[in-house]
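Colleague: For reference, the chains in residue letters:
Number of protein chains: 2
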Amino acid sequence: MTGIEILPVTGLPEVQPGDMIADLIAERVSLRRGDVVVVTQKIVSKAEGRLVPLSPDDPAARLELIEAESRRVLRRRGDLVISETPHGFVCANAGVDVSNVEPGWAALLPVDPDRSARRIRDGLQARTGTTVGVIVSDTFGRPWRIGLTDVAVGCAGVAAVVDLRGTPDAAGRPLEVTEVAVADALAGAADLVMGKAAGVPVAVVRGVPEAWLRESSVRDEVVRPHAEDLFR
Amino acid sequence: MTGIEILPVTGLPEVQPGDMIADLIAERVSLRRGDVVVVTQKIVSKAEGRLVPLSPDDPAARLELIEAESRRVLRRRGDLVISETPHGFVCANAGVDVSNVEPGWAALLPVDPDRSARRIRDGLQARTGTTVGVIVSDTFGRPWRIGLTDVAVGCAGVAAVVDLRGTPDAAGRPLEVTEVAVADALAGAADLVMGKAAGVPVAVVRGVPEAWLRESSVRDEVVRPHAEDLFR
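If you're matching them up, the sequences are chains Z and C in order. If you're matching positions, the first sequence starts at 501 in my numbering and goes up one per residue. If you're matching positions, the second sequence starts at 501 in my numbering and goes up one per residue.
Everything labelled a hint here was simulated from the structure, so no lab data went into it. Don't take each hint at face value.
Unchecked claim - Pulled from the structure, derived: some chain Z residues nowhere near chain C, Cβ distances all over 10 Å:
1. Thr-502
2. Pro-508
3. Arg-532
4. Arg-575
5. Leu-608
6. Glu-679
7. Pro-709
8. Leu-713
As the list claims (entries may be wrong) - Here are some, though not all, of the chain C residues that point toward chain Z, as calculated from beta-carbon distances under 8 Å:
9. Asp-519
10. Pro-643
11. Ala-681
12. Ala-689
13. Arg-724
Claimed, not checked - Which stretches of chain C does chain Z cover? Using the computed rule of at least three CB atoms under 8 Å from a CB of chain Z, they are:
14. 504–518
15. 559–568
16. 710–723
Where a beta carbon is used, it is the ideal one built from N, C-alpha and C, also for glycine.
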């Protein structure tokens with residue numbers, strides 16, 4: 501097996517509502533068949549106009565907005581709300597985010613991040629004639645462990661989860677583990693070249709196994725159904 | 501910023517108790533200054549002799565072993581136990597694992613995975629004269645999301661967490677987010693070239709930012725103190 505490369509896509513302009521992200525990417529990077537393009541949620545939300553006015557001096561309005569973006573609140577502590585979004589994601593503040601957004605505004609999660617990923621993938625395909633995967637990523641905390649990691653909130657043309665159940669281990673016995681969260685690992689890997697403050701909202705992961713390149717959906721494959729969830 | 505490469509280290513023999521992992525790696529890959537070497541917990545546990553007999557037909561013995569390796573059980577469902585290990589990790593079955601282990605045996609987590617990482621790092625440095633970082637990784641599930649990802653259970657010479665609090669965002673305003681779980685992202689990225697069944701237990705991540713290369717500890721920096729944890 502050969503290696504994997506993670507390449508930052510630099511020089512993107514500040515994204516505005518209505519911008520075609522696929523065009524902005526295709527103008528700046530030469531894509532190859534099977535590349536996975538990871539796009540941070542923030543610029544997807546901006547391009548899709550998922551921005552709402554929010555005064556930095558109005559914590560009550562912020563809380564109201566977070567609750568409007570939540571299906572259910574799991575925990576609260578001080579300013580922090582851990583809630584479940586309409587997509588089924590459990591994250592801080594329902595994804596309402598004011599960093600890297602114009603002062604006085606907040607960015608919301610895309611309405612359907614899988615659809616956002618498909619739209620970018622289709623645009624890249626139309627523009628370049630190249631079949632690629634696309635992941636829309638966001639930065640989430642985790643219980644029990646300090647620190648944030650990037651995970652996939654939407655995907656197209658690349659597996660969200662690869663099921664290795666039944667695959668023999670190196671000694672030929674069936675593996676106990678099982679379903680690998682490939683899209684989340686790709687999103688986290690892409691973040692290694694992005695840097696939160698570096699203004700690099702897109703990266704290309706090159707060298708992904710062919711078998712991972714298929715139609716998929718974060719919502720269908722990653723969001724754990726309530727009945728199976730021990731922590732919801 | 502340039503890209504990052506993830507390279508599998510192939511051709512490692514089946515690791516036995518007493519093996520020097522640093523030697524096995526140094527013989528097979530030409531390391532460069534600043535490389536981060538990610539080693540899966542399984543071979544570290546084998547080298548350290550963290551193996552115990554466990555009949556595959558004795559679920560009661562398995563449960564007893566899991567409880568002995570747990571500080572506290574958080575959830576149970578059927579065969580699955582989610583518990584907190586003496587290290588403070590919350591994971592399935594206290595890390596007791598029979599895949600990729602000789603039949604009739606189970607592998608336990610290293611007693612002190614940060615120390616395991618330091619030992620491998622020191623061995624690589626002594627053997628190659630090259631300063632590298634080392635991460636010991638394991639495969640954990642997460643609440644709320646289907647699929648497993650690799651995370652760091654120990655590290656040496658590379659930051660577990662990089663604190664971006666106070667760093668300005670691309671527009672010059674202070675970032676809300678904050679602490680990035682760099683070692684976990686590196687562990688997850690390394691898993692992209694390992695594959696659970698592929699028998700590749702080591703990968704090299706090349707091109708990591710210089711600022712991340714420092715002394716660190718997963719136990720000290722990643723394990724979230726109980727008082728700060730909303731889900732423990």
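Colleague: State for each hint whether it applies.
Modeller: To see whether the hints hold, each was checked on the structure:
Not every CB of chain C is more than 10 Å from the CB of Z/Thr-502 (nearest about 8 Å), against its label as outside the interface. Against chain C, the non-interface label of Z/Pro-508 is violated: not every CB pair exceeds 10 Å, the least being about 5 Å. The non-interface label for Z/Arg-532 is consistent with chain C: the shortest C-beta to C-beta separation is roughly 14 Å, beyond 10 Å. With a least beta-carbon separation of about 4 Å from chain C, Z/Arg-575 fails to lie farther than 10 Å from that chain, contradicting its non-interface assignment.
With a least CB separation of 15 Å from chain C, Z/Leu-608 remains clear of the 10 Å interface cut-off, as annotated. Residue-level check failed: Z/Glu-679 sits 5 Å from the nearest beta carbon of chain C, not beyond 10 Å. For Z/Pro-709, the requirement that its beta carbon stay farther than 10 Å from each beta carbon of chain C is not met, with the minimum near 8 Å. Every CB of chain C lies more than 10 Å from the CB of Z/Leu-713, the least distance being 13 Å, so the non-interface label holds.
About 16 Å separates the beta-carbon of C/Asp-519 from the nearest beta-carbon of chain Z, more than 8 Å, and the hint is not met. Given hint, C/Pro-643 at the interface with chain Z, holds; its Cβ is 4 Å from that chain's nearest Cβ, closer than 8 Å. At about 3 Å, the closest approach between the beta carbon of C/Ala-681 and any beta carbon in chain Z falls short of 8 Å, and the interface hint on this residue holds. At about 4 Å, the closest approach between the beta carbon of C/Ala-689 and any beta carbon in chain Z falls short of 8 Å, and the interface hint on this residue holds.
The interface hint given for C/Arg-724 holds, since its Cβ lies 5 Å from the closest Cβ of chain Z, which is under the 8 Å cut-off. Counting residues of the region 504–518 of chain C whose C-beta sits closer than 8 Å to any C-beta of chain Z gives 6, which meets the bar of three, so the coverage hint holds. Judged by the Cβ-Cβ criterion of 8 Å, the region 559–568 of chain C is not covered by chain Z as claimed, because only 0 of its residues qualify and three are needed. Check result for the region 710–723 of chain C against chain Z: holds, 3 residues qualifying (beta carbon to beta carbon below 8 Å, three or more required).
Consistency with the previously given hints fails for numbers 1, 2, 4, 6, 7, 9 and 15, ordered from lowest to highest.
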